[in-house]
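J.: Taken in order, these protein sequences are the chains called A, B, C, D, E, F, G, H, I and J.
Just so we're aligned: 34 in UniProt numbering is position 34 of the first sequence, and the numbers increase by one with no gaps anywhere.
Just so we're aligned: 74 in UniProt numbering is position 74 of the second sequence, and the numbers increase by one with no gaps anywhere.
Just so we're aligned: 89 in UniProt numbering is position 89 of the third sequence, and the numbers increase by one with no gaps anywhere.
Just so we're aligned: 82 in UniProt numbering is position 82 of the fourth sequence, and the numbers increase by one with no gaps anywhere.
Just so we're aligned: 73 in UniProt numbering is position 73 of the fifth sequence, and the numbers increase by one with no gaps anywhere.
Just so we're aligned: 44 in UniProt numbering is position 44 of the sixth sequence, and the numbers increase by one with no gaps anywhere.
Just so we're aligned: 33 in UniProt numbering is position 33 of the seventh sequence, and the numbers increase by one with no gaps anywhere.
Just so we're aligned: 90 in UniProt numbering is position 90 of the eighth sequence, and the numbers increase by one with no gaps anywhere.
Just so we're aligned: 81 in UniProt numbering is position 81 of the ninth sequence, and the numbers increase by one with no gaps anywhere.
Just so we're aligned: 65 in UniProt numbering is position 65 of the tenth sequence, and the numbers increase by one with no gaps anywhere.
No wet-lab data here; the hints were simulated from the structure.
All values derive from a computational prediction rather than experimental measurement.
Accuracy of the hints is not assured; some may be wrong.
What the hints assert, rightly or not - Under the rule of at most 35 angstroms between Cα atoms (straight-line distance), these lysine-lysine pairs were calculated in the DSBU-like manner:
(1) F:K17 to D:K24
(2) A:K28 to D:K28
(3) F:K39 to F:K49
(4) I:K24 to G:K28
(5) G:K17 to G:K49
(6) B:K49 to I:K49
(7) H:K17 to F:K17
(8) C:K24 to C:K92
(9) B:K49 to C:K28
(10) C:K24 to C:K49
(11) A:K39 to B:K28
(12) C:K17 to E:K39
(13) B:K49 to B:K17
(14) B:K39 to B:K17
(15) E:K24 to F:K39
(16) C:K49 to C:K17
(17) F:K24 to D:K28
(18) F:K24 to F:K92
(19) G:K92 to G:K24
(20) C:K49 to E:K28
(21) H:K24 to H:K92
(22) A:K92 to A:K24
(23) A:K17 to J:K17
Said to hold, decoys possible - Facing chain H, according to a computed beta carbon distance under 10 angstroms, are these residues of chain I, among others:
(24) F3
(25) A83
(26) C85
The beta-carbon is built from N, C-alpha and C at its ideal position, and this holds for glycine as well.
Number of protein chains: 10
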Amino acid sequence: MLFHVHMTVNIPLDLDKIYVDELKAREKNLSQELQRQGKWTHIWRIAGKYANISIFNVASAGELHDLLLSLPLFPFMEIEVTALCQHGSSVKNEEEAH
Amino acid sequence: MLFHVHMTVNIPLDLDKIYVDELKAREKNLSQELQRQGKWTHIWRIAGKYANISIFNVASAGELHDLLLSLPLFPFMEIEVTALCQHGSSVKNEEEAH
Amino acid sequence: MLFHVHMTVNIPLDLDKIYVDELKAREKNLSQELQRQGKWTHIWRIAGKYANISIFNVASAGELHDLLLSLPLFPFMEIEVTALCQHGSSVKNEEEAH
Amino acid sequence: MLFHVHMTVNIPLDLDKIYVDELKAREKNLSQELQRQGKWTHIWRIAGKYANISIFNVASAGELHDLLLSLPLFPFMEIEVTALCQHGSSVKNEEEAH
Amino acid sequence: MLFHVHMTVNIPLDLDKIYVDELKAREKNLSQELQRQGKWTHIWRIAGKYANISIFNVASAGELHDLLLSLPLFPFMEIEVTALCQHGSSVKNEEEAH
Amino acid sequence: MLFHVHMTVNIPLDLDKIYVDELKAREKNLSQELQRQGKWTHIWRIAGKYANISIFNVASAGELHDLLLSLPLFPFMEIEVTALCQHGSSVKNEEEAH
Amino acid sequence: MLFHVHMTVNIPLDLDKIYVDELKAREKNLSQELQRQGKWTHIWRIAGKYANISIFNVASAGELHDLLLSLPLFPFMEIEVTALCQHGSSVKNEEEAH
Amino acid sequence: MLFHVHMTVNIPLDLDKIYVDELKAREKNLSQELQRQGKWTHIWRIAGKYANISIFNVASAGELHDLLLSLPLFPFMEIEVTALCQHGSSVKNEEEAH
Amino acid sequence: MLFHVHMTVNIPLDLDKIYVDELKAREKNLSQELQRQGKWTHIWRIAGKYANISIFNVASAGELHDLLLSLPLFPFMEIEVTALCQHGSSVKNEEEAH
Amino acid sequence: MLFHVHMTVNIPLDLDKIYVDELKAREKNLSQELQRQGKWTHIWRIAGKYANISIFNVASAGELHDLLLSLPLFPFMEIEVTALCQHGSSVKNEEEAH
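Next comes chain A alone, as it looks inside the complex (with noise of 0.2 angstroms):
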């Protein structure tokens, strides 16, 4: 299963800066560990903008929502999930077997 993932982080700036950068090494970890699985597909910057949109190819709704509490970034994030399936069109087979 496909989802469109749109994340924007607010951290507040009265964080403690050491324990930002310490959760910030681990969100870039964990997203890179799921990307090499194959569950993140795409991650990309918005320019401009402390936010993501990502791709995620899991096995359903529920794999998708315990992959995202788990992200160390989850309790400052706001996210929008939008269910994607195989357009017509795509010459590529985008919904992989899982």
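Position chains B, C, D, E, F, G, H, I and J relative to chain A; hints supplied.
T.: For chains B, C, D, E, F, G, H, I and J alone, kept in the frame of chain A given last:
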């Protein structure tokens, strides 16, 4: 340059069906041609809507604009364009040199 | 996979009444058939509106999309789809295996 | 009477963790008790959000209001209530007598 | 059950004037009949708009829905329904038994 | 003059509980006094929200403004005011002479 | 009573030009008559839009409503009404006795 | 040049009361001085809100900007500015030469 | 005076093509004439939309209004006007004397 | 590549004034340096708001993103980015070669 493009299609219900089907066929051909050229790198259907989310990889906003205006269904579309760029966590070099 | 689908129907007032009634009858039959198959698990009327909130239990977003597009009233609908999943507090196994 | 209730939870990040966990535990117990009583007929998690969509079957809006205000997490919730009623196409008698 | 109903009326300007006046007359009669029955307890005009705010006192959302759909001007209305209940500070028993 | 007033209350969670309860008590007394004077003709609770919809019958917008500002909970309120007037279909003379 | 009224005019492009010009002329006459009577105290053009912001000084919301409905262009208008009152800092007695 | 300025004031509740009252007094003085100079031609209170609608008659947007920034309450304000101009129906020459 | 003007063009699809092309040609001529006069200092295409963002340098809002209304495509435009002024950080004197 | 960037600045009122002034000074220096380099081609103040509209001429969205993130006031900004391109009516070659 990477662009996230959200296209919602509203074709008036009273348009001649044969004309509309012909438009849709030309739209599909052009889209697939641009996908094969690597300009239109992804197109996903938004579940439940006559709309898609696409990723374009083009030289400039000008080229994107011309491509979108050349789509047979452009007159019936609401389009939102978002400029994307490489995310620090991405394990892929998404911004393939154009 | 569970989906929450909010459908608002806007049928042009100048459409032929017999044609519209026939569409509505076909819509009701298809909806009830899908309910009996267990795909369309709930449909509620929103008080005061020509709109409903429904719950679908289908294999994927792709199947949901095809079902919604097959509805006779689809061309007259505004549809919002929200991906749902099992809630930790639910006493029911809502995500019946499909 | 059937109500569709959309609850979004925003717990301040600086609240004491033990206190919050205790609130969440009491919330889960009360929710499950109300589900067993048949008042809180469905609760689904919205994928990617600390939010749920629920269906309540209660005697009146007054009873709904009192139930929602009794939830331990009510002070941290944004709640949208929509009055539902039996849909002409539903194959179930959703408005079970209260 | 008390409902707050906000009705905005948009009658196409090209509709036959006699037909529209006849609809408005039937609307007024039905409204006044429901007011005398105590179901439609208040109707106020919103200054400057072809819209009203009304309070209904009915047995259920289902009854409200049927009443609203029976209004001759329903096809031309945008309707927002809000479920109300007794306020702790009210000196009146607003939720008169139905 | 009739006004429709929608009041949503947001009391910061970290305010002293005793102070808040005292504010609420003064709010209730003042509201009930104004109701007995016939200025605050209706107050309904919006199901599921710490908000109310009220109808005021006062001499002018100026008097309404002063009344609302005198409410102990005014500093914690978002208020929307809509000017109402007699509806042609109303069987009651809602705009009692002030 | 002072009212701030924001009027946006949308005249269908396919309406007969002579009829529209005639409507506009009648609109201008009525507006200027009401200005001379002191009911329509200000009318400003919003730069770049077929819209105006006006101030009315009338006895009640009912009178405002009747005046606005009497405007030849009313059927083509979106109107927002805001109730105003004397500001504590104003050096003028804006709420001239009516 | 005429400008319509909508100012909404949100003063944090935990600010020192004496400091706030002192700010409000300076605000009133400055406002009244600018009114006497003919730059701030109108200020009305929006009924029910800590907000006002004002009309400024100044040489340029730059002058308006400097005036607004000089207001003691500016840091607590949300401001919407709309450029106005003479309306063809106005019986007054609103754009007094500056 | 500098104005930021956002113009979105919606030309009905059923308008005669020759008439529309003629309108567009006149629009382009007038725009370029105003650019050469230094009144229309910038016009950029918004990528993916039949819309532009322009900067005007004119004597007053009145002059801006008259210019915009004189555009052949004005009847098909949604226009948002924002008053600009010199920014303290700008290295250019943007507000050239008019 | 041309980008239209709308920046709204919200600096918490309780931040140390000296620190804030120092940030603003660094912001001004960096902005002016980028303007002299031709990357930040325009910056206008929005009348009445602590916000600006700017035009950037950079090699890519990536470069824009890095520039914006390097602004000392970035953490206090809401930023909207719109991709621009050459307009067919522009008499200038706005997209100077980068």
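J.: Now tell me, hint by hint, if it's right for this structure.
T.: A quick look at each hint next to the structure:
no.: 1; hint: F:K17 to D:K24; in the structure: holds (21 angstroms)
no.: 2; hint: A:K28 to D:K28; in the structure: holds (32 angstroms)
no.: 3; hint: F:K39 to F:K49; in the structure: holds (24 angstroms)
no.: 4; hint: I:K24 to G:K28; in the structure: holds (31 angstroms)
no.: 5; hint: G:K17 to G:K49; in the structure: holds (20 angstroms)
no.: 6; hint: B:K49 to I:K49; in the structure: holds (20 angstroms)
no.: 7; hint: H:K17 to F:K17; in the structure: holds (21 angstroms)
no.: 8; hint: C:K24 to C:K92; in the structure: holds (33 angstroms)
no.: 9; hint: B:K49 to C:K28; in the structure: holds (20 angstroms)
no.: 10; hint: C:K24 to C:K49; in the structure: holds (16 angstroms)
no.: 11; hint: A:K39 to B:K28; in the structure: holds (28 angstroms)
no.: 12; hint: C:K17 to E:K39; in the structure: holds (31 angstroms)
no.: 13; hint: B:K49 to B:K17; in the structure: holds (19 angstroms)
no.: 14; hint: B:K39 to B:K17; in the structure: holds (30 angstroms)
no.: 15; hint: E:K24 to F:K39; in the structure: holds (32 angstroms)
no.: 16; hint: C:K49 to C:K17; in the structure: holds (19 angstroms)
no.: 17; hint: F:K24 to D:K28; in the structure: holds (29 angstroms)
no.: 18; hint: F:K24 to F:K92; in the structure: holds (33 angstroms)
no.: 19; hint: G:K92 to G:K24; in the structure: holds (33 angstroms)
no.: 20; hint: C:K49 to E:K28; in the structure: holds (20 angstroms)
no.: 21; hint: H:K24 to H:K92; in the structure: holds (33 angstroms)
no.: 22; hint: A:K92 to A:K24; in the structure: holds (33 angstroms)
no.: 23; hint: A:K17 to J:K17; in the structure: holds (21 angstroms)
no.: 24; hint: F3; in the structure: holds (7 angstroms)
no.: 25; hint: A83; in the structure: holds (4 angstroms)
no.: 26; hint: C85; in the structure: holds (4 angstroms)
Of the numbered hints given earlier, the model fails none.
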